[in-house]
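K.L.:
These protein sequence lines are chains A and B, in that order.
Going by the numbering used here, the letters in the first sequence line up with residues 803 to 1194, in that order.
Going by the numbering used here, the letters in the second sequence line up with residues 157 to 509, in that order.
The set of hints was computed from the structure by calculation and includes no laboratory data.
Backbone N, C-alpha and C define an ideal beta-carbon position, used for all residues, glycine too.
Just to be clear, a hint being listed does not mean it is correct.
Stated by the list, open to error - To give an idea of the interface, some chain B residues facing chain A are shown, with a C-beta separation under 7 Å as derived from the structure:
| id | residue |
| --- | --- |
| 1 | N279 |
| 2 | T335 |
| 3 | M383 |
| 4 | L385 |
| 5 | A403 |
| 6 | T470 |
| 7 | V484 |
Stated by the list, open to error - When the alpha-carbon atoms are kept at most 20 Å apart in a straight line, the in silico SDA-like pairs for lysine to any residue are as follows:
| id | chain 1 | residue 1 | chain 2 | residue 2 |
| --- | --- | --- | --- | --- |
| 8 | A | K1186 | A | R1111 |
| 9 | A | K853 | A | P837 |
| 10 | B | K389 | A | N941 |
| 11 | B | K389 | A | S944 |
| 12 | A | K1186 | B | H406 |
| 13 | A | K990 | B | Q392 |
| 14 | A | K845 | B | Q334 |
| 15 | A | K1186 | B | F401 |
Stated by the list, open to error - In silico negatives: residues of chain A with every beta carbon more than 12 Å from chain B:
| id | residue |
| --- | --- |
| 16 | I826 |
| 17 | R841 |
| 18 | W869 |
| 19 | G894 |
| 20 | Q918 |
| 21 | S944 |
| 22 | T1013 |
| 23 | R1112 |
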Amino acid sequence: MNSPAASARDPQDYNTLDDDTFRITVRRWVEANYPPEIRNPPKRLHWHENKVWFFKLSEKGWLAPSWPREFGGMGLSSSKQLIMIEEFERHGCCRFNDHGVIMVGPLLIQHGTEAQKQHFLPKILSGEYIWCQGYSEPNAGSDLAALRTEAVLDGDHYVINGQKIWTTLAMDANWIFCLVRTDKNAKKQEGISFLLIPMDTPGITVRPIITLDMHDEFCETFFDNVRVPRENLVGQVNKGWTMAKALLGFERIFLGAPKQSQYALARLKQLAERMGVWEDESFQDRYVRLRLDIADLRELHATYVEIVRRGETLGPDVSQLKTWQTELFQRITELSLEIAGENAALLDPMEGNRELHPSGLYLQARPATIYGGSNEIQRNIVAKNVLELPDR
Amino acid sequence: MDAAEDRNESLRMLRDSAAAIAPRGGDLKRIRDLRFSEPGFDRAVWREICAMGWPGLRLAEDVGGSGLGMREFVALVEELGAGLVPEPLIPVAMAARLLPADHLASVLSGERIVIPAWQERPNSLDAVGGTTLSGGKVTGKKMFVPQAAGADAFLVTVQGGLALVQRDAPGVSLVLEQTQDGGNFGTLSLDGAPAEAIAGDASDALEEAALATSAYLLGAMDRAFAMTLDYMKTRQQFGRTIGSFQALQHRAVDLKIQISLTRASVEAAAATLDSVTVPALRQSAVSRAKARAAEASMLVTKQCIQLSGGIGYTDAYDVGLFLRKAMVLSNLYGSAALHRARYAAVTPEQDDE
Ligand SMILES: Cc1cc2nc3c(=O)[nH]c(=O)nc-3n(C[C@H](O)[C@H](O)[C@H](O)COP(=O)(O)OP(=O)(O)OC[C@H]3O[C@@H](n4cnc5c(N)ncnc54)[C@H](O)[C@@H]3O)c2cc1C
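Only chain B is shown next, with the shape it has when bound in the complex:
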């Protein structure tokens, strides 16, 4: 086996291993039951995810990671998206990239959940903002912290670095808002909260989270589409299966094209992050993928509802879960418009080919 085949084989195995948490074609009862509960995911399942080494997939082996790349990570996350897995792999993996080695063991084992808190206003990719750390105390406000209800600590971006803040520390207040997918966002207010200074900069980890979110959306839209195709092959009206109507066939093909474009874009961006160090090129690739995934996932999921007719507008019908997930993730880590603007800013035209 040459190196490329070897890598493909390991990608396949990784995808297969995801089936332990998100069985392909499995039912979504667990996901439904966790909706609108706190913290919105299952700590026991999170520990299983940790036992499989996923939060540390990208970390070096000597700090307890698996030493794999973004290509592996997006393949895995795509599978989790197909299963709508609510456990906070993307934010925790982002935190793990930023924490020093001596903080990692309890995070990688699942004993403690650390969630990054970086954002200070809507529609923004500014990873720092105005939050400050001085004399061991952090002051500022962070919004849209995903799955914040399950956090034991927050890795807060501050001017000049990072700060690790315990959730129950004095001066910390966390307000939760429910999201359409049954999870939650936190608004974190820090008023002189004691914090541990951590050296580093979150901007590159943020690129990875944005790309991973694109992969999650890819898995989600692909599964919603597969479910809808099944429905189109069985639902009968006018004495025919509805999938035999050409108007619907063409619509389905248009959705398939969007899914294929998203896959191409996500996989190319993962390869770029694995091999290219120039920041502008990394940002360009991620923005392209996220812009596509955000828009395509909204289009595909809404059309899946339409193609299903009345049953598509019921809560009991699983396709709706994917639509609501797309509503939550498409604007998280940058909306399509934001990423398009950034793409234009960092990508000279001759680089498009």
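Chain A on its own, in the form it takes in the complex:
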């Protein structure tokens, strides 16, 4: 059985608590409820490994801190959302299969029909529907609007043909949210639609791809005459690009959250103590610099979370956040390798302690500047749409 007894709605409005009380509340609950065997996992966990944690949150009603309360979220203020992130990170909580909460939920809350909201939102929160993201294709990565996977209307169904790639945890998912081409003759951004597709539909094949870190984390996903009901289209036909861009904003806030960097910094400190360089002046200077980089990131992040909470649209400037966080995360892992000495070479954690694994963290940090829109693309966005620098 995939789903828990039921996802609950937490009756308490935590916004009425002061921040310190809320922090202690979260901390106590996490300490009492987080499964110890999956603390600080060395790799991204699969659904069968992380679902215990998912269901704990689901039963508590804490799965979707940013969703409005009427849809089963917590409707938390930005500072409290951040506190949750920090407390989870501090305890070493794993990431679960979160595409439903981070992307599909907000998409449907904004653009879904009443029927779609009623059908999908509860099933996202209960863990019955686990999602993956079908955007990228072999020839449409940075140039996402060049995507060619096609959906053709045939009676009451769309028939889908094509291929997606780099689909994270597609092997775990039972639904995929896809960008598909519904008009081949329109300008490339104008013929794209959003479709929700059950992964068990005949004609879908998923093939895992092994990452640089030697983990089966993403996949190729093939569509061969896959038929889905036309009600699975989200928003208006051929308007998928605009919705997708808005959603990317949510993804960028998520990827711009300080948690990866905070996690890596805690590991760096442990390693520095183990290697005997913690007290070195030159190390301390570099360490404090990173701490300050995170402290300022935290403030910047909070301003974006607040924009979303007020229901305002995110601007292109959110790309700054994703760029800074991911590169900061990488810098921390780079310093870790430097101080690890010859231990930097080891395939497995040092001394059997999975919190001392600088080479693993270094590898895992590499793609952060590639996924969610590469940092080169983020910089192009800021240059063009924020700084309004000319094209030629």
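Starting from the structure of chain A, add chain B with the ligand where the hints point.
P.N.:
Same frame as chain A, now just chain B with the ligand:
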């Protein structure tokens, strides 16, 4: 032909001969297949390497060597780095420099593999440590012994000299750990293990190993960069090849500068080791090269992944093999920080020009 031309010609021939083991632009299937296996390299290929005389390249002809210098050795090793050759040429050549003539034949023929074990703590260039030899028995602990899984014997540095210890001797225990490149490090514990005393001091051989490692990193980063440039010339996005984007062009140029600096530094250090005997000058040159090679190789390989996009984060994509090699070698025989500190310690400022 004058002497300089003569030497350049012989360097070219040596580089060409490396193609027998590491064909330029050849595929890396052999390297992939050997990853995470024991010993992590191929004994048959090792014997071919020995047949070409590479472990003894630096030794005098009357002891079975080729009488060539560090310039030749780094040129050769650079080629092997470009091919990610996993056979243990650098450590075995280091051992060969230290073994007496009557021990060399079986090592140079490839029949026996002797690997130096000198290091006792991380981030250190102390070639001796606290290991002792007395009454023919050696006691101590050595770490980060490269490609230890393939060793038949270890040449252990001890206070006052060296000790040759057979791998299967009593009192020897070897614990292997896998490394990110698919090879292994050994931790060697010696508890009154019988050993043969060998006169000598490993510190100068260690300089050569550190420099050779820099050359290997140079070859590796240069090849990863070439592969990435090819990709940038073919991959299309937005109706253009990605190599036409100026942001990426400038990044590539910055990497090229680092590679050029590394080459200049490695070649200068090789010339120094060939011609200068003052220890401080030798150390200064080696530290400069290793500090540069370590940092540049990490920078170049990580940027090669970035410039490749999603495919760069797959195990199947060859550039990742170079990144993982850089992760292993950049801190071996001294990290960049360690070599910078040593450079500062042995190099008065007026010597910088
Ligand atoms: C770990 C991981 C997980 C992922 N998960 C998913 C997922 O779940 N679903 C999904 O749909 N996708 C996913 N992706 C795909 C990701 O979104 C793409 O990899 C990314 O958009 C880059 O596209 P690409 O790989 O085709 O690289 P390319 O677009 O080919 O880029 C190659 C290089 O060129 C640069 N470049 C391209 N265009 C420009 C330009 N105009 N100016 C300057 N530089 C440029 C890029 O920045 C990059 O450095 C994932 C990727 C990774 C690495």
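K.L.:
Would you check the hint for A:K1186 and A:R1111, treating anything up to 20 Å between C-alpha atoms as holding?
P.N.:
Distance of about 26 Å is beyond 20 Å: violated.
K.L.:
Can you confirm whether the C-alpha distance between B:K389 and A:N941 stays at or below 20 Å?
P.N.:
With a Cα-Cα distance of about 15 Å, the restraint between B:K389 and A:N941 holds, given a limit of 20 Å.
K.L.:
Looking at A:R1112 again, its CB stays over 12 Å from all of chain B?
P.N.:
The assertion about A:R1112 holds, with a minimum of 34 Å to chain B.
K.L.:
Are all C-beta atoms of chain B more than 12 Å from that of A:T1013?
P.N.:
violated, 6 Å
K.L.:
Confirm or reject: A:I826 is not an interface residue toward chain B, with every Cβ-Cβ distance exceeding 12 Å.
P.N.:
Label holds. Min Cβ-Cβ 39 Å, cutoff 12 Å.
K.L.:
With a cut-off of 7 Å, does the beta carbon of B:V484 approach a beta carbon of chain A closely enough for the hint to hold?
P.N.:
holds, 4 Å
K.L.:
Check the non-interface label on A:R841: least C-beta distance to chain B beyond 12 Å or not.
P.N.:
Answer for A:R841: holds, closest chain B Cβ roughly 23 Å.
K.L.:
Non-interface claim for A:G894: all C-beta distances to chain B beyond 12 Å?
P.N.:
holds, 23 Å
K.L.:
Against chain A, is B:L385 within 7 Å by beta-carbon distance?
P.N.:
Since chain A brings no Cβ nearer than about 16 Å to B:L385, farther than 7 Å, the hint is violated.
K.L.:
Decide if the proposed pair is consistent with the structure: A:K853 and A:P837, CA atoms, cutoff 20 Å inclusive.
P.N.:
holds, 10 Å
K.L.:
Within 20 Å, alpha carbon to alpha carbon, are B:K389 and A:S944?
P.N.:
holds, 16 Å
K.L.:
Less than 7 Å between beta-carbons is the criterion; does B:N279 satisfy it with respect to chain A?
P.N.:
Since the shortest Cβ distance to chain A is 4 Å, the answer is holds.
Checked against the numbered hints above, the structure breaks hints 3, 4, 8, 21, 22 and satisfies the rest.
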